[in-house]
Amino acid sequence: MTDFTLWDIVRNLLLAGRWTVVLSLIAFAGGAIVGLALTLLRMGGLKPIRWLIRLYVDLFQGTPLLMQLFLAYFGAAVLGFDVSAWTAASVALTLFTSAFLCDIWRGCVEAVPSGQWQASRVLGLNYLQSMRHVILPQALRLAVPPTVGFSVQVIKGTALASVIGFVELTKAGTMLNNAAFAPFTIFALVAFGYFILCYPLSRYARHLEKKLYGAGIR
Amino acid sequence: MALVSVKDLHKSFGELEVLKGIDLEIEAGEVVSIIGRSGSGKSTLLRCLNQLERHDWGTIHLADQRLDGGAMSPGELSQNVGMVFQSFNLFPHKTVIENVMLAPVVVKQTPKAEARRIAEQVLDKVGMSEKVDAYPAQLSGGQQQRVAIARALAMNPKVLLCDEVTSALDPELVGEVLRVLEDLAREGMTLILVTHEMTFARDVSHRVVFMHQGRIHESGDPQTLFTQPRTPELKQFIASVV
Chain Y
70 MTDFTLWDIV RNLLLAGRWT VVLSLIAFAG GAIVGLALTL LRMGGLKPIR
120 WLIRLYVDLF QGTPLLMQLF LAYFGAAVLG FDVSAWTAAS VALTLFTSAF
170 LCDIWRGCVE AVPSGQWQAS RVLGLNYLQS MRHVILPQAL RLAVPPTVGF
220 SVQVIKGTAL ASVIGFVELT KAGTMLNNAA FAPFTIFALV AFGYFILCYP
270 LSRYARHLEK KLYGAGIR
Chain G
977 MALVSVKDLH KSFGELEVLK GIDLEIEAGE VVSIIGRSGS GKSTLLRCLN
1027 QLERHDWGTI HLADQRLDGG AMSPGELSQN VGMVFQSFNL FPHKTVIENV
1077 MLAPVVVKQT PKAEARRIAE QVLDKVGMSE KVDAYPAQLS GGQQQRVAIA
1127 RALAMNPKVL LCDEVTSALD PELVGEVLRV LEDLAREGMT LILVTHEMTF
1177 ARDVSHRVVF MHQGRIHESG DPQTLFTQPR TPELKQFIAS VV
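Those protein sequences? They're chains Y and G, same order as listed.
My numbering puts the first residue of the first sequence at 70, with every later residue one more than the last.
My numbering puts the first residue of the second sequence at 977, with every later residue one more than the last.
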């Protein structure tokens, strides 16, 4: 068995950590785009559309992310699609993120007091004009803290992509441990890696929340 | 020809019949105060007049034009009937002048410069021209309500509806808002107010309408109505509020 120096371990983890960051960014950006489209459709759409979107949100919120990854990877293979671990992880995490963001953002739009809708309506603004000029700007300010907060869940969620063979931080940790057998050191470093990524975001979310209260909105 | 003409207006919320047949004619330039206990239907009547609530039966005409049942788009309605709320409902993310300019620019498509001129004019009318760049949160309740009045006036409506516009204000701030309404009344603006300010109803309005259990129970000129109420319900109401 070869000897691993601490630097060997750290270097390998850092290299794999890049893919954790990239996957998180893909999931978050994709999730935000899909989530925004779903939110707008859900707020203004026809009843069957709204019902479908709610079902979508409930499905993704009500099943483990791990199963979603399995379905995207192995399920797609059964159906005859040859998907890479990359594609499967990106798709599953994007859909998972979009479902949660759709629900968070719907809550933010609904949190804008009904008096704002009434005032817009009385001034003659139609639905889209009210949304654009009155409701969304206020909902957006409400949405930033919980959205940043949720991004932490996305980063930690990428760890599950290790089970379909996607080599990111966690998977790299497992592989290194198989070779070097220093579980305490290695997994502590892996955990620390996630902490380094997540902690600033948590702090930033808390800061934004305070700022929002300070501005007297809500 | 009355400016506002309401015929046989009915409105229910589920099982509860809130308006049980309202007939009301209001002339141009008239100031009408609607009084009554909470639950008597006065706010619902007001909200039907600009279709914030859809009534179940009856018609509303403005001048010669049908106003209800989708006959007017929200855009058209807003240029005929303005409304001021108890809770102001200013847009918190916009400055005073942006609040006032929004509807003229977005709904009427008035050019920005022209909209700004109109906004400055109406803000001057309510005595708020010093605060054009302030945000609503930086203003007192009375100031916010005056901006809300200016915002409604910027659409140049024929009628202004006021739904308990002083009820959310600290007592010392009520006067400044009532003075603005008095000025508007003097200039000939048609005002329909739901109000708990009996002194104001008596001194400024041309006519007082007393609502009771979804009907207009009694109406007439304020002096007679307040000094010689005909029905026991109105007598009781006056005794309880004065």
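Take the hints with a grain of salt, since some may be wrong.
Just some of the chain G residues that point at chain Y, by a computed CB distance under 7 angstroms [unchecked claim]:
id, residue
1, G1051
2, Q1062
3, N1065
I should point out that these hints are in silico values taken from the structure, not numbers from a laboratory.
Built from N, CA and C at the ideal position, the CB exists for glycine as well.
Hint by hint, here is what the structure shows:
The closest approach between the C-beta of G:G1051 and any C-beta of chain Y is roughly 4 angstroms, which is under the 7 angstroms cut-off, so the hint is satisfied. Annotation: G:Q1062 was flagged as interfacial toward chain Y, and the flag is violated, the nearest CB pair being 9 angstroms apart, outside 7 angstroms. Here the hint on G:N1065 is kept, as its CB sits about 4 angstroms from the closest CB of chain Y, short of 7 angstroms.
In terms of the numbered hints stated before, the structure departs from hint 2 and from no other.
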